[in-house]
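There are 2 protein chains.
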Amino acid sequence: MEPTIKQLRYLLSVSQAGSFRGAAERLDIAQPTLTAQINTLESKLGVTLLERSRQGAQLTPAGRSFIPFIETILEQVASIGRLAKEADGSLIGTYRLGVPPTLGPYFLPEVIPTIHQSFPGLKIFVRENAPRDLEVGLLHSEYDFIITTLPMEIPNLSIEPLFNEPLVLVCAPDHAFAEQDAVKPDDLHGENLLAIEEKHRLFDLMQTIALQFSARLLRDYEGTSLDTLRHMIGTGLGIAFLPALYVKSEITPRKDVISINFDGPTFARGVALAWRPGSRRAELYKQIAQIMRTVSHDTLSDHITLNMQTTGYDGGRL
Amino acid sequence: MEPTIKQLRYLLSVSQAGSFRGAAERLDIAQPTLTAQINTLESKLGVTLLERSRQGAQLTPAGRSFIPFIETILEQVASIGRLAKEADGSLIGTYRLGVPPTLGPYFLPEVIPTIHQSFPGLKIFVRENAPRDLEVGLLHSEYDFIITTLPMEIPNLSIEPLFNEPLVLVCAPDHAFAEQDAVKPDDLHGENLLAIEEKHRLFDLMQTIALQFSARLLRDYEGTSLDTLRHMIGTGLGIAFLPALYVKSEITPRKDVISINFDGPTFARGVALAWRPGSRRAELYKQIAQIMRTVSHDTLSDHITLNMQTTGYDGGRL
DNA sequence: TTCATAGATAGATAAATACTATCACATAAA
DNA sequence: TTTATGTGATAGTATTTATCTATCTATGAA
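Protein sequences, first through last, are from chains R and D. Counting the first sequence from 1 gives a position; our numbering is that position plus 476. Counting the second sequence from 1 gives a position; our numbering is that position plus 476.
Honestly, the hints are just simulated from the structure, not real lab data. Don't take every hint at face value.
If chains are identical, the list can't say which one is meant, so a pair holds when it fits in one copy or spans any two.
[Claimed, not checked] In the DSS-like style, the derived pairs of lysine-lysine whose C-alpha atoms are separated by at most 27 angstroms in a straight line are:
no. : residue 1 : residue 2
1   : Lys724    : Lys675
2   : Lys731    : Lys599
3   : Lys731    : Lys660
4   : Lys520    : Lys561
5   : Lys482    : Lys731
6   : Lys675    : Lys660
7   : Lys660    : Lys599
8   : Lys660    : Lys724
9   : Lys675    : Lys482
10  : Lys482    : Lys520
11  : Lys561    : Lys731
12  : Lys520    : Lys599
13  : Lys731    : Lys520
14  : Lys520    : Lys660
15  : Lys599    : Lys762
16  : Lys482    : Lys561
17  : Lys762    : Lys561
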């Protein structure tokens, strides 16, 4: 057997009131009820907690020693109640957001402030992972929602498209392309094309590009991150197509590598917000997606293309 | 409405097991019972705590935020249970012992170690107060038990006599009495007799002595403690009858004042242990009283007289 | 004594809790 | 595809628990 919160509260009340009757009145219950509860509590614990007399009731030394525990228990219970009361807009708790490492650091800083402005109580814990692991992790409830790139591998996940992020051609400043106004598709023929590790979905897209333009994909020199890729490009190892938001964030402000106009078809990866279907927080996620789209439109429209249709979205694949 | 410990435990169990069925089995209850309890908990709090799916159940961000609170609550409850289990010999908790300032410091150090040896788990909080306040405080549950001097003013308190503590004649080393082998009752005639403040019951006894031997009670110079009384005696202000245990503890080891043989009737105050009648810890108090008597007999029999009769005890009054 | 008030008790009722049996759905294996 | 297994939800019932009203006994104060 185990004590009840109610019984503990009753005991505390009697100890404060100094009598069963007084406590019963304060608790708005009948005195026999109180007596019964205290009795069952005492027999459950096997300890006499109160010393009854005609003058009232006082704690025994044993009963006194329980009071601190009871007080913290009641405090914690009150905290739960308070917390639950605040949870009107389901803004309670910490939401775990998963993002691909090739996108998160260059996109989230743009939108997080606005999200916090719209949902002041919302706490978001961000963790990076490859899109594949993000989707599996979402299914296994390691994340509450994720930003991932299309196409998704796991079906039956609710998604809200955000935007298409084009890939931008990047080369070293001393590369021949640096002189040209625009690079034509034929110019890529035989060029050394660098790519990121295969576990990133971005790799597939880079591979598609290499294939389409007969460029040579340097598989022995795959970058473990976009930053290492940038350094490799800077040493003249090759050229690469990098995500536009990364270029905006890490290429444009520096001079070690440069971006070039590419006079050919635009390659882009689709970016979407996803969560487990049936989640009652779907409405919140949709609002967050809307904020992300709005901010993207307002501050990033030079770099990405927005695609607002929410059905039949093909993920921006070519 | 308020959550139940049971419901909180159920929630925690589901979150750990990852499914209702698994948790139900672990909790040894039926799954519908678990479902019902979680449902009522959710509706009570007004928050969705678990995300159900065909694969099991996972905490929502809100539910996750409650877990730390729930864990501390369950820990505290477990602590209460553990504490109660230890409370076999009612040795749990802290017992508040009240003692007169004219006795406690000179008697307790002799017996406390033995008490702790006999009851290793017993914690005793000692507070000093005048016997009158001790008795009232005992009645009002400010103390669990007291050492007091007889006769008691409040009836219907359970008492266990301990011993009689004689009063010993004390004077300055340069007083005429210091030369005598023994002081006779007639010698006290007209002597300046010092006494402690009236609020101490010891005052009554000192007054009785002064009256009986026609000594002069210096009421303008009442000591606030036995120690101040000792200092007053040392300056030659007068002589006094002081409790034997005080004399043993504070007079004999020093040279500032000396004790003298008094060739007259022995005055003594009765000392007893007292508690509220009906207390279920009476047995413990009786055992403590027995220890006090035994220790007194073994180590203090040169200074006090033991009176083992437990009924019809007159408190050592003359 | 008389009165007010303390906790204890008896008996009835309402509420909460638990169970069994079953359903509907999803996933994985045959 | 079919089947088996596992998920949570639901219906209905039995039991346990919590609560109430009415009453009792004992104590302390007026």
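Consistency of the hints with the structure:
no., hint, verdict
1, Lys724 x Lys675, "within (24 angstroms within a copy, 88 angstroms between copies)"
2, Lys731 x Lys599, "neither (37 angstroms within a copy, 75 angstroms between copies)"
3, Lys731 x Lys660, "within (23 angstroms within a copy, 114 angstroms between copies)"
4, Lys520 x Lys561, "between (33 angstroms within a copy, 10 angstroms between copies)"
5, Lys482 x Lys731, "neither (69 angstroms within a copy, 64 angstroms between copies)"
6, Lys675 x Lys660, "neither (29 angstroms within a copy, 109 angstroms between copies)"
7, Lys660 x Lys599, "neither (46 angstroms within a copy, 90 angstroms between copies)"
8, Lys660 x Lys724, "within (22 angstroms within a copy, 111 angstroms between copies)"
9, Lys675 x Lys482, "neither (55 angstroms within a copy, 46 angstroms between copies)"
10, Lys482 x Lys520, "both (14 angstroms within a copy, 15 angstroms between copies)"
11, Lys561 x Lys731, "neither (53 angstroms within a copy, 73 angstroms between copies)"
12, Lys520 x Lys599, "between (42 angstroms within a copy, 24 angstroms between copies)"
13, Lys731 x Lys520, "neither (76 angstroms within a copy, 60 angstroms between copies)"
14, Lys520 x Lys660, "neither (84 angstroms within a copy, 66 angstroms between copies)"
15, Lys599 x Lys762, "within (16 angstroms within a copy, 61 angstroms between copies)"
16, Lys482 x Lys561, "both (20 angstroms within a copy, 21 angstroms between copies)"
17, Lys762 x Lys561, "within (23 angstroms within a copy, 53 angstroms between copies)"
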